Structure formats: structure tokens, C-alpha cells
Amino acid sequence: MKVIWNTSTNLIDTPQSELLIIDNFRLIYSGEEDIIALSLETGELKWKGEIEGWRDLQSYEMLYDSEHNWIISPHFENLIVWDASNGDKVYELIESETGISISTASRHTLMQNGYAMVGSPTDLNLFSWDGKLKLSQTVPWTSRSIVFSASKLFIGQRNTVHGGLTQGRIRAFDAATGDSLWVYQTDNDGFHTRLYVHDGNVYGGTRGNSPNSEVVALDAETGEIIWQYITDNPLEYADYFLVADDYVFTRGTGYAFALDKQTGERLWGFGWGSSTSVNMVYLEGYLYLSNRGAVYVLDAETGELVHTEPSPSGDGYIYKLGVSEDKLFVQTGASIIAYEPWHLRGDQ
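No gaps in the numbering here: position 251 of the sequence shown is 489 in the working numbering, and each next residue is one more.
These aren't lab readings, by the way, just hints derived from the structure by calculation. Hints are supplied without guarantee of correctness; some may be wrong.
Claimed, not checked - Derived lysine-lysine pairs resembling DSS-like cross-links, with alpha carbons at most 25 Å apart:
no.: 1; residue 1: Lys370; residue 2: Lys327
no.: 2; residue 1: Lys284; residue 2: Lys327
no.: 3; residue 1: Lys390; residue 2: Lys372
no.: 4; residue 1: Lys370; residue 2: Lys390
no.: 5; residue 1: Lys327; residue 2: Lys286
no.: 6; residue 1: Lys390; residue 2: Lys327
no.: 7; residue 1: Lys372; residue 2: Lys327
What the hints assert, rightly or not - Here are the in silico distance ranges between beta carbons for each label pair:
no.: 8; residue 1: Glu282; residue 2: Gly369; range: 41 to 49 Å
no.: 9; residue 1: Gly584; residue 2: Ser323; range: 17 to 25 Å
no.: 10; residue 1: Asp457; residue 2: Gly401; range: 40 to 48 Å
This structure is a prediction, so every number in the text was calculated from the model and none was measured. From the three backbone atoms N, C-alpha and C, an ideal C-beta is built for every residue, glycine too.
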């Protein structure tokens, strides 16, 4: 694939957070001493956000609030809100002062008037834009993902009963009051990764110790099952989950498969003979996967492998993938690389 730009990095640790792509503006990445912002167009360094060494970024993802142009990043024992223009700290929430520990193993969400964070000892924590706690409550089971849509919050949870059974729940709450609206429960593993809300449905995938795993679509208003894909294939579980266009993509370790978003019908599966994986990204009909040594480009409709792009020599592992409207971004051990995505390739 054509390289648009390549910017050297200086990683001191494995990047925890996915690349944050702010279209037509910035790319934000982790793994160095600071949070780093690059120009999306040129790869030029724009700013560094200083982090105290013992409060390193420990989160699956950073959030971007377009209304204020803020970046929200959970760290070890604190949460930082940054000005995306210059990297200045807008404010911090420190655990020892708030009494709330923001989970660094969960996925959080923006809301209409603030943001919602999974935490401890309270699972559901709703903050206003100025960082004031508006609502906090404890929810049974371990919470791993929270997403906001249409005045509701949806939480994905898991509960390990014993070595052969993991249960999962998706809970819906009123975002204004915290009142429970409905609960969906399954014995087919737990909801460990991100939930999605598309076209009035909630989508989730499971992983755990149960004999079966599942991918499910629920009515967001009622919690009723729209469709349910249950599998005993040990490769088909949701270590990473992605809903885009007409597809539901689920990735385990070294294997990914696609379902039809409307029906739950299995469309295809793709394995790469390795136990290593990174996050998936989708853009304009193509799914991008990686085994850490190369990027795989798949036709999203058929699962056909159309291209394999090796990591540049000397760059080490591939850690993260990201996309904007017109670029594919790859974070390696030595650089951030912007590629021309497959649908824009010049030989079409």
C-alpha cells in the first residue's frame, strides 16, 4: 500500500489505548512518556501532553468530545481532560480526591451533557462536562463496557461462576435517573468488549469459560432478542467486536468472522495461524486485521484476503490500527504510518 507519511516514535511501553482519530485534525497515540498529537494530514508533531510517570495511560481507548474539542483519557488513579488543540490540561479527576477509581479495563462513553465512566466501587458514574459527579450507583457483576444512545445507557457485563461457566448481561438504564429499564442475561460467556447501538438495536459479543459463545442483537427499547448467533467453535469468541455498515465483525485470537447485521447469518471466517491480534478497523467495504507482523486487508462482504501489507523492516510489532476518511494508520514499535486505504488505491 502507498505510504502517505511515516513518523518515528519513541515508545517506552506497549501502547494500551487505541489510536484516537479526530477527522481532518489530529491523531492521538500512547506508549511514550507523554500523550502525543500528530497532524492527521502530515504526521507532524503538534503537541505532547505531559503525564506523571506513575500515572501512565491505562485504557483501551480515549474519548473525544467534539463540542468542547476535548480529549478524555483514563489513567492509573486519575482521569485527565485535555484541550485537543494544544495539549493543555483542562482538568483532572484524581482518585484520592473523588473516591472513585475509573476502570482502566473497561470502555467508557460520552453522553449528551457529559460522560459516563465504569468505575469502582461504583460501576455507573455520570459526570457533567465540568467534572462534577451527577450520579453514581453500584451494579451487580463486573462491568466492562458502557455506551450511550437516545437517553439510555447500556452496560455490558460478565460474571465467572466457575471454571466452566461465564455468564453475561446487557443492562439498560435511563441516563437521567439511573433507573433500570431492562436486563438481558445469557450463560453463553460474558460481554467483555465494546457494545454498539445501531438503528435501534444493541449489539454485543461474548467470551469466557462457557461451552458456547454468542453474538446477539437486542431491541434497544425492550431488550427483546432480534437475533442470536450461538457457537461452540472455540475460535469464535469476542476478544474484539465491531459493527459497521451491514456487518458485525467479531475477532478472537488469530481468527475473525462476520455476521449479517440484519439477520445474524454467518457470512465468513478468516484465520491467520497466530495467537497474536490487534484491534480491527473498517473503512469503505474493507476490514483491516493484523497478526502484529502484517496488516491483512479483507473484502468485508466475502472475507476474501485481497492484500497483505508487512510491517516495515526494523519497526517491530504492529500494535494498533486506525482509520480516518482517507487514511489507514498503523502504530508499530518504531513509528506511526499513514497508508492510502485499499478502496482509494491508484490501480483501480
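Hints and how they fare:
1. Lys370 - Lys327: holds, 16 Å
2. Lys284 - Lys327: Measuring from Cα to Cα gives roughly 15 Å; hence the hint holds.
3. Lys390 - Lys372: Cα-Cα ~15 Å, so holds.
4. Lys370 - Lys390: Answer holds: Lys370 to Lys390 is near 20 Å, not above 25 Å.
5. Lys327 - Lys286: Holds: Lys327 and Lys286 sit about 11 Å apart, inside 25 Å.
6. Lys390 - Lys327: violated, 29 Å
7. Lys372 - Lys327: Between Lys372 and Lys327 the Cα gap is close to 22 Å, so the pair holds against 25 Å.
8. Glu282 - Gly369: 41 to 49 Å: violated, 31 Å
9. Gly584 - Ser323: 17 to 25 Å: violated, 34 Å
10. Asp457 - Gly401: 40 to 48 Å: violated, 33 Å
When held up to the earlier numbered hints, the structure conflicts with 6, 8, 9 and 10 and fits the remainder.
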